[in-house]
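S.K.: Dock chains B, C and D against the given chain A, drawing on the hints supplied.
4 protein chains.
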Amino acid sequence: MIRVGIVGITGYTGEELLKILSLHPRVKITGLYGRSTSSQRLLKDIYPDFENLNLIVESLDIDKISKNCDLVFLALPHGAAFQLVPNFINKGVKIIDLSADFRLKDVSTYEQWYKVNHTAKDFVPKAVYGLSEINFENIKTASLIANPGCYPTSITLGIAPSIKENFVDLNNITIDSKSGISGAGRKSAQEYFKNEYPNCKAYEIAGTHRHIPEIEQELSGLSGESVVVSFTPHIIPVERGMLSTIYLNLKRSVTSNEVLNYYKDFYKNKVFIKVFNDGDFPSIKDVVNTNYCCIGLKIDVRTNKLIIISVIDNLVKGASGQAVENMNIMFDLKESTGLI
Amino acid sequence: MIRVGIVGITGYTGEELLKILSLHPRVKITGLYGRSTSSQRLLKDIYPDFENLNLIVESLDIDKISKNCDLVFLALPHGAAFQLVPNFINKGVKIIDLSADFRLKDVSTYEQWYKVNHTAKDFVPKAVYGLSEINFENIKTASLIANPGCYPTSITLGIAPSIKENFVDLNNITIDSKSGISGAGRKSAQEYFKNEYPNCKAYEIAGTHRHIPEIEQELSGLSGESVVVSFTPHIIPVERGMLSTIYLNLKRSVTSNEVLNYYKDFYKNKVFIKVFNDGDFPSIKDVVNTNYCCIGLKIDVRTNKLIIISVIDNLVKGASGQAVENMNIMFDLKESTGLI
Amino acid sequence: MIRVGIVGITGYTGEELLKILSLHPRVKITGLYGRSTSSQRLLKDIYPDFENLNLIVESLDIDKISKNCDLVFLALPHGAAFQLVPNFINKGVKIIDLSADFRLKDVSTYEQWYKVNHTAKDFVPKAVYGLSEINFENIKTASLIANPGCYPTSITLGIAPSIKENFVDLNNITIDSKSGISGAGRKSAQEYFKNEYPNCKAYEIAGTHRHIPEIEQELSGLSGESVVVSFTPHIIPVERGMLSTIYLNLKRSVTSNEVLNYYKDFYKNKVFIKVFNDGDFPSIKDVVNTNYCCIGLKIDVRTNKLIIISVIDNLVKGASGQAVENMNIMFDLKESTGLI
Amino acid sequence: MIRVGIVGITGYTGEELLKILSLHPRVKITGLYGRSTSSQRLLKDIYPDFENLNLIVESLDIDKISKNCDLVFLALPHGAAFQLVPNFINKGVKIIDLSADFRLKDVSTYEQWYKVNHTAKDFVPKAVYGLSEINFENIKTASLIANPGCYPTSITLGIAPSIKENFVDLNNITIDSKSGISGAGRKSAQEYFKNEYPNCKAYEIAGTHRHIPEIEQELSGLSGESVVVSFTPHIIPVERGMLSTIYLNLKRSVTSNEVLNYYKDFYKNKVFIKVFNDGDFPSIKDVVNTNYCCIGLKIDVRTNKLIIISVIDNLVKGASGQAVENMNIMFDLKESTGLI
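Chains as they are written, first to last, in my numbering: chain A, 2 to 341; chain B, 2 to 341; chain C, 2 to 341; chain D, 2 to 341.
Everything hinted at is true.
Note: identical chains are not told apart, hence a pair may lie in one copy or across any two.
Subject to a maximum C-alpha distance of 30 Å in a straight line, what follows is the list of computed DSS-like cross-link-like pairs (lysine-lysine):
hint : residue 1 : residue 2
1    : Lys45     : Lys265
2    : Lys116    : Lys92
3    : Lys165    : Lys286
4    : Lys20     : Lys271
5    : Lys141    : Lys29
6    : Lys45     : Lys165
7    : Lys141    : Lys20
Calculated from the structure, these hints are not laboratory results.
Isolated chain A, as found in the complex:
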């Protein structure tokens, strides 16, 4: 059994981690920790539906955690994780960080978009970006995983095979994403929806969402070029699930079926990617509560564009499910252990 701790459990991702790990056949949850927990609290007082886990939430004691845990998940806001990571790593505890703190390899880009000073810069190069379909081998041996953001997951997985086959123009990428309310985090969800139920709205319009540098880093890494994307997220009135519609201009003539074959080939043996057949397109209903990323696509011959639909559950493949998938890989289990 892998002995696992979670730091931060009051957000959406912490709660989802608890749900997945409590059913995982090879995991024993040996500790729950609150960053600012001053006295012990029963987990069931926070989440009545975890009464049977009979766990307590404790204040942070890194020495104790290091003895009790083989791996710690950090489900904290950005700016909090980098304060803890060095201590854990130095004591030999593996870390999967669900925040943005170690995702961006260029620390100055991180500091500019997140408006904080990074105090653990030396650990950034050691972090492996935990997108298993791209970085499987590096994840196996990593001690620090930067777990990808939800939008970057759905978008990078949607575009990667097109970059590899080199038939799209990387200078004119337009991405329009639709996310359920949990995609913006618990606090934002409360703010957005308190007076406007049900609604649909764009937010962080015109290049201001913090996932943009992460998307661009990954696409640039895959292509070897400096990629800049136009990205506009929207909130729609569902609880969870995220659909990204991606518009790419073609550099050469290609059919929908050829592109589908590129995608199916790229993702063969990837257990959590499902490429739909020609004429079929995934909806968020296809992935809610699962760790799948489903992809459909079609060439628009009238405008010479490739249109890709990529859907995930933002809390599973877009956060906690992918984190557990990374754990499975790090501990030599089948990727899908404990996941649907």
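M.R.: Only chains B, C and D this time, still in chain A's reference frame:
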């Protein structure tokens, strides 16, 4: 009082017309007609909430209608309206047609996209496309109005000022629209949602939606160029309301505030257009149950794109409200009479 | 034209009043007033969708209002209306008060449930409870209307004919109501739904909701007995609409059809009541955005109970629509003028 | 590992069983069977999100199943299960039947409410009603479990402690339930919601729902009296979750805290029951996607009634989760193994 008839009342748009016209201070509903009604039916047996109107739905008798009505609204599927229009027009009855039958000036384009033979081709040139912010003067004197489709309304209004000021590239227009379930018509709404509540999905992907030639006709007409657009509609789980996110590449450098001033100037004195201030963007909640089109926009300096958010209520400004607005103009009333 | 003012427009009921009155053919809105408005504000800065009304919201000046208005609607929280009513009435302005301040004839009951001291006790006896199906004649000549609460409207209308025909036990009335989120007021809606979308929950359980004394007053008045009810409201995830399921024990044997005939007879000529036929039951969809109350019922022969389903739109028949209906009656218009 | 088969996987409960069992640490799914499957189908062609299970759906071959499975779940419509049960039982396979076929001990009552002739009457007495909080010891040794219906589960668990303590009148029980759309089964959900999204409506009004004899059988069994209940189910626009509001008349004076103590005592050591503290009441959000039943209650001193709120997830504790709980008990595992 304007004596008004409605042909077709079982669809979403017919029902919405009834709601608006029953409260209109200058309208008397003098007839409700079913295209295939064989015997008289009480309106309240179809819609319990119109019991007080105390109206009956009759079978179609064009002579009788012509005597009793100054104006007839046709709320029928495409392919049905063109069979009736000539008879009405020839008897001097004004027509506002909510179907697509007279929207496309090029009849062969109509026949290709709608897969029917048009049997009233001679009347197509006489029809005025009822987008009042563009065609006000022609609407005033029209006897046949082709009432615009919902997507074309939100999109044309969102793009028109940019075309006039000539600072965007018309060869690379990407439009991503999100519509409530009524946007696809009552039958489609039933089909989409019967097994997938709540969901979000793209449909008519890659240049196959029938509103595309209508959008392209209007944008081409405004620009004098042949415009081709990439358009992808999505269904989201709200009842009504439609948000279009429009991505345009800039041809020259321009600021968000300059563009906003172009838009405010273009739409000054247009009572149903509201251009939001810099940094504010409309959501569908801002327009549901109203005849407004609200527009927000921003330049993405990173990608040199203009991003426009245009929202309407698909059943009001996108259908029945705009039809009543056109009636008001044809009968020399204030545009907003009987409308919110 | 009736010259009308509204005091309080930022709540759900004030907004709904504006929507209805702005389309009413016999009303001119001559003033909008904020109780605590210190400087003038444009209405369109509060509600973008009322831009065309071109109205301003002013601070309260009772002398000025009295000159400009024949009737003033008070859409204020309880405890605020009774501070204003005497001044208005003394200056000859008619008042329709949408708060609870003048609904309860027993002032001590009011003070106990609402926890404020009533400072306009003398005006309580002059107020007419504005349930037009019961108090039509008194409403015609009233100068002060206490507009009924939403739950009491749906429940009193659902039970009144059973009381008249004297076949149910009034000592064991159980009422289970389901309300859309607007039923709890804008502030409560924000509170309930900020973290729990979508949800269903009971609230004010076991005899604590403030509408209980109002329901009991009306049922006691109709029956001549002192009626006590068990009432439990629930919130469901719809925007508006309210369904009350009412359980009554039978005192004598009666069939569903006999009871339906009692109801149809009781409500004949009542334009906003629709009694459904045997086997048909209304849902909230039947009344949303209308001023109707729809009623269905059935005898449960196994338990000797009458089960009544009564539905209204809480913001229309349950508040602002009923207020306008009362205005129509006070000014000798047809009840349904300007209403659907 | 328990070798498990499922017959019937296209309904809501079959799908939910698959989700739970595929993550269960002590289960190996050794067969999926369609009652009318003529040729083999890949599971992933039915449910894309189960692609990783890599299972096939086979036609029914009872000999083969009997060799491969220790336990078979039947997730079939009523009337289908009783045709299969004798063959399985006779071959020594344990059965958990999620239909109603073996729930009612009085076969004539079953035949009357379900309008079919029962062809396996001899097996009815052998079936154990699988409500573990009541029948734990019998479940341990059962070879045939009649898995309870969703409404009967939430209602029996909500009332049982009150019956034991003998302080409520069992002649006047009123139950008002609110269920998400999946509560009515996949076909009904499609029917209800195809034209009325979102809505709230009562259905099976006045003693006609088929769960009534099941509720009455269980309450009668607990009390030793013949109990008749008034039960009215409603559909609300959430996907899953079920809230029952139960109204009981008191036979003797008792406080909310006394009753809460009865309930906490009755359910001590029952891992899936959570009795809320005084003043707290569960909402469906507290149980969605879990196997918990949460209960809150309060005495209404004005009407001398006990009001109980009992919530479950209809697909988990109300169906497939409870079925797995029963399996755990039958195979001597901890009840909560593989369940949240």
